[in-house]
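2 protein chains.
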Amino acid sequence: MAGTEVTNRQILFKNFVVGWPQESDMEFVTTKKKLELREGQKDVIVRVLYLSCDPCQRGRMRNSTDSYIPPYTPGKPIEGYGLGKVILSSDPAFNEGDIVSGLMGWEDYSYGFRLVKIDDLALPISYYLGALGMAGFTAYVGFFRICEPKKGDTIYVSAASGAVGQMVGQFAKLFGCRVVGSAGSQQKVDLLTSKFGYDEAFNYKEEPDLDAALKRCCPDGIDIYFENVGGKMLDAVLVNMKVFGRIAVCGMVSQYNKEVQDPIYNLNYTVKRRLKIHGFLQSDHMDVQPEFFKNVIQWFKEGKLVYVEDIADGLEKGPAALIGLLAGKNVGKQSVKVADP
Amino acid sequence: MAGTEVTNRQILFKNFVVGWPQESDMEFVTTKKKLELREGQKDVIVRVLYLSCDPCQRGRMRNSTDSYIPPYTPGKPIEGYGLGKVILSSDPAFNEGDIVSGLMGWEDYSYGFRLVKIDDLALPISYYLGALGMAGFTAYVGFFRICEPKKGDTIYVSAASGAVGQMVGQFAKLFGCRVVGSAGSQQKVDLLTSKFGYDEAFNYKEEPDLDAALKRCCPDGIDIYFENVGGKMLDAVLVNMKVFGRIAVCGMVSQYNKEVQDPIYNLNYTVKRRLKIHGFLQSDHMDVQPEFFKNVIQWFKEGKLVYVEDIADGLEKGPAALIGLLAGKNVGKQSVKVADP
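Line order of the protein sequences matches chains A and B.
Every letter in the first sequence is one number past the one before it in UniProt numbering, and letter 232, counting from 1, is 232.
Every letter in the second sequence is one number past the one before it in UniProt numbering, and letter 256, counting from 1, is 256.
In short, the hints are calculated from the structure, not lab data.
Hints should not be assumed to be uniformly reliable.
What the hints assert, rightly or not - Output of the computed footprint for chain A on chain B, the stretches with three or more beta carbons under 8 Å from beta carbons of chain A:
id : region
1  : 270 to 283
2  : 296 to 309
Claimed, not checked - Using 27 Å as the maximum straight-line C-alpha spacing, the simulated DSS-like pairs for lysine-lysine come out as follows:
id : chain 1 : residue 1 : chain 2 : residue 2
3  : A       : 33        : A       : 317
4  : A       : 258       : B       : 272
5  : A       : 317       : A       : 337
6  : A       : 272       : B       : 329
7  : A       : 272       : B       : 272
8  : B       : 258       : A       : 242
9  : A       : 272       : B       : 258
10 : B       : 195       : B       : 329
11 : A       : 232       : B       : 232
12 : A       : 76        : B       : 337
13 : A       : 272       : B       : 242
14 : A       : 215       : A       : 195
15 : B       : 32        : B       : 337
16 : B       : 232       : A       : 258
17 : A       : 329       : B       : 14
18 : A       : 272       : B       : 14
19 : A       : 242       : B       : 272
20 : A       : 272       : B       : 76
21 : B       : 232       : A       : 272
22 : A       : 76        : A       : 14
23 : B       : 272       : A       : 14
24 : A       : 258       : B       : 242
25 : B       : 258       : A       : 215
26 : B       : 272       : A       : 232
Claimed, not checked - From chain A, some residues computed to sit far from chain B (all C-beta separations above 12 Å):
id : residue
27 : 30
28 : 197
29 : 304
For clarity, every value in this text was computed on a predicted model and none was experimentally measured.
From the three backbone atoms N, C-alpha and C, an ideal C-beta is built for every residue, glycine too.
Could you put the whole structure together from the sequences, leaning on the hints where they help?
Spelled out as structure tokens, the structure:
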């Protein structure tokens, strides 16, 4: 395989983005590529199979180095979390044919970074991109490690049917919490209660008063808020938190396309209610990963978990899928299928 | 003593306050009072000796029950943390002549609540109102329990020469942190470095750009922020926090007289930097109090701690002292001396 020239479709990043990104900020191209491992390092080339669309990718379209991960390079493929099959490897940890997850370019053939070999392929392969991938692990770390849950707690999850939210809600329900969620369409709200086991749910776009909606669904207040959206929702949640409440900040997707963030006015409740607000990234908690794989695979096998995905078929559909995710058009975990395993 | 009629000077609360409180929102009166324990309860009457002026008292001037402590009652004396001498007691825990700290009215003779007997009077008595009282205990709990300090951490303290701030800075220095503080006058800034051992300090009123001031004093970023002020300062701090930084929210004195809180824009840094923002109240951590008394009394005896107080002499000076505190006119811990022990 080494030295072979292949046809390599790519999604190139065109320009740094201010405000809402457009599909035209990316470009689908077909190129030729010679498959060659780089010398002087442990290197892996994968055939990309599935790519994950994640809100955090918006941050990498910004011309800013003030984050935990560098920005995209104009003229190069965008990258993200994905699944691939190893086709060339100088890293003894990976053999040709291995299925791996990790960071890779949005193209047919890519160098892989921070790869993890998937040993137990008992579940549908796309699950390893979401429920058993970065999103599921984010939900697991966030809920079990950051939220400090207690049985009987009321947890409220925003973006509750998304890749992370649907897992958080189910983990919380299995753990013994009362689970309330919000999403941006009736279809998603129906999913929350009919499929993911949420006790109550509301469509935030149909609520003129978020504070009133939260008081209706959480009349005794909120013990845990799993924060995915930020902005006005966070402000409404703060005044509804119970004493000693915890807010796990996973992300703030409503803010990612704003050059000036929405103002937050109610942080005085951190003292009144003795709140803990805790931002986290799954990658800081890799020690939890073995437990995560073990438990979540078992819970799926026992039928205790479900997963809803929204898979765009074909690399060329990637830009629309990613832009759609930022606007909440997806129903369930948004990903892009690039090739069959 | 029971049944005696005494002259009882009082500071009455006149009206609920919107915006900045004025001295005229309180009234100094001289009344007569019959000293009588109430039946059916363990009751204590104290001769009030010292009263503490605390920013949290502003909250009790608001017509709102949305806090951890009820509002003041118009027509009744304001109350707060103070020192008193027991003159009548039906509570077996307290005897006539005991010196106690706790909640009491701003008057000569008051029922006492949540009292603690002071056994070891080795230090100046007023210290038991501040350094060894609610403020010192707040600093102790906040620093040792909430801030999760590590040796070598850079800690930044706002309102750093105040009742709480001066103790936090000294605890942090004893613990082995690099300590940076801000205050609102050159006199206070000088105190920080010359008296309390702060490594660096600045006058926030003279800084046109708080972000630049923080970058100058904390060039490698901030591990711990001890939050006393809120508002623009918090927003400037957020972007200067290091990864895994902790913000202990003790109070937000810059916001207490605002009907709408200043907006905060930089909470997206909670994820970028994986920050923990933790609001707390000392009264939730009473299990730490024996350790606090033991350590802090010993550190004072060893000359490792100092304390700067600003004592108004006479109950009638109380309203001006309390209003002055909210405007930052005090230098060090503001209290009111009512009577000699």
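Do the hints match the structure? See the list:
Residue count for the region 270 to 283 of chain B with a Cβ under 8 Å from a Cβ of chain A: 12. That meets the three needed, and the coverage hint holds. Requiring three or more residues with a Cβ within less than 8 Å of a Cβ of chain A, the coverage given for the region 296 to 309 of chain B is violated, as only 0 such residues are present. Between residue 33 of chain A and residue 317 of chain A, the direct Cα distance comes to roughly 21 Å. Compliance with the 27 Å bound is thereby established for this hinted pair. With a CA separation close to 16 Å, the supplied pair residue 258 of chain A and residue 272 of chain B stays within the 27 Å bound.
Of the pairs offered as hints, the one joining residue 317 of chain A and residue 337 of chain A holds, with about 9 Å between alpha carbons and a cut-off of 27 Å not exceeded. Pair hint residue 272 of chain A plus residue 329 of chain B holds up; C-alpha atoms about 25 Å apart against a cutoff of 27 Å. Between residue 272 of chain A and residue 272 of chain B, the direct Cα distance comes to roughly 26 Å. Compliance with the 27 Å bound is thereby established for this hinted pair. With a C-alpha separation of about 23 Å, the suggested pair residue 258 of chain B and residue 242 of chain A falls inside the 27 Å cut-off, and the hint holds.
Restraint check for residue 272 of chain A and residue 258 of chain B: the C-alpha separation of about 16 Å stays at or below 27 Å, so the hint holds. Under the criterion of a C-alpha separation no larger than 27 Å, the hint pairing residue 195 of chain B with residue 329 of chain B is consistent with the structure, at around 19 Å. Distance hint between residue 232 of chain A and residue 232 of chain B is fulfilled; the C-alpha atoms sit about 19 Å from each other, no more than 27 Å. Straight-line distance between C-alpha atoms of residue 76 of chain A and residue 337 of chain B comes to about 71 Å, which puts the hinted pair past the 27 Å bound.
As the CA atoms of residue 272 of chain A and residue 242 of chain B are separated by approximately 26 Å, the hinted pair is consistent with the 27 Å bound. For the given pair, residue 215 of chain A sits about 24 Å from residue 195 of chain A by alpha-carbon distance, which is consistent with the 27 Å threshold. For the proposed pair residue 32 of chain B and residue 337 of chain B, the alpha carbon gap of about 21 Å is at most 27 Å, so the pair holds. Simply put, residue 232 of chain B and residue 258 of chain A have alpha-carbon atoms about 20 Å apart, close enough for the 27 Å limit, and the pair holds.
For the hint pairing residue 329 of chain A with residue 14 of chain B, the CA-to-CA distance comes to about 56 Å; that exceeds 27 Å, so the pair is violated. Simply put, residue 272 of chain A and residue 14 of chain B have alpha-carbon atoms about 24 Å apart, close enough for the 27 Å limit, and the pair holds. Simply put, residue 242 of chain A and residue 272 of chain B have alpha-carbon atoms about 26 Å apart, close enough for the 27 Å limit, and the pair holds. With a CA separation close to 24 Å, the supplied pair residue 272 of chain A and residue 76 of chain B stays within the 27 Å bound.
Proposed proximity of residue 232 of chain B and residue 272 of chain A is supported: the alpha carbons are some 20 Å apart, at most 27 Å. Distance restraint check for residue 76 of chain A and residue 14 of chain A: the Cα-Cα separation of roughly 8 Å lies within the 27 Å cut-off, and the hinted pair is therefore satisfied. At roughly 24 Å between alpha-carbon atoms, residue 272 of chain B and residue 14 of chain A fall within 27 Å of each other, so this suggested pair holds. Between residue 258 of chain A and residue 242 of chain B, the direct Cα distance comes to roughly 23 Å. Compliance with the 27 Å bound is thereby established for this hinted pair.
Proximity of residue 258 of chain B to residue 215 of chain A is assessed by CA-CA distance (about 25 Å); at most 27 Å being required, the pair is judged to hold. Restraint check for residue 272 of chain B and residue 232 of chain A: the C-alpha separation of about 20 Å stays at or below 27 Å, so the hint holds. For residue 30 of chain A, the condition that its CB be more than 12 Å from all CB atoms of chain B holds, with the nearest at approximately 36 Å. Its beta-carbon lying about 27 Å from the closest one in chain B, residue 197 of chain A satisfies the requirement of being farther than 12 Å from that chain.
Annotated as non-interface, residue 304 of chain A keeps its C-beta farther than 12 Å from every C-beta of chain B; the closest such distance is 29 Å.
Hint violations for this structure: numbers 2, 12, 17, all remaining hints satisfied.
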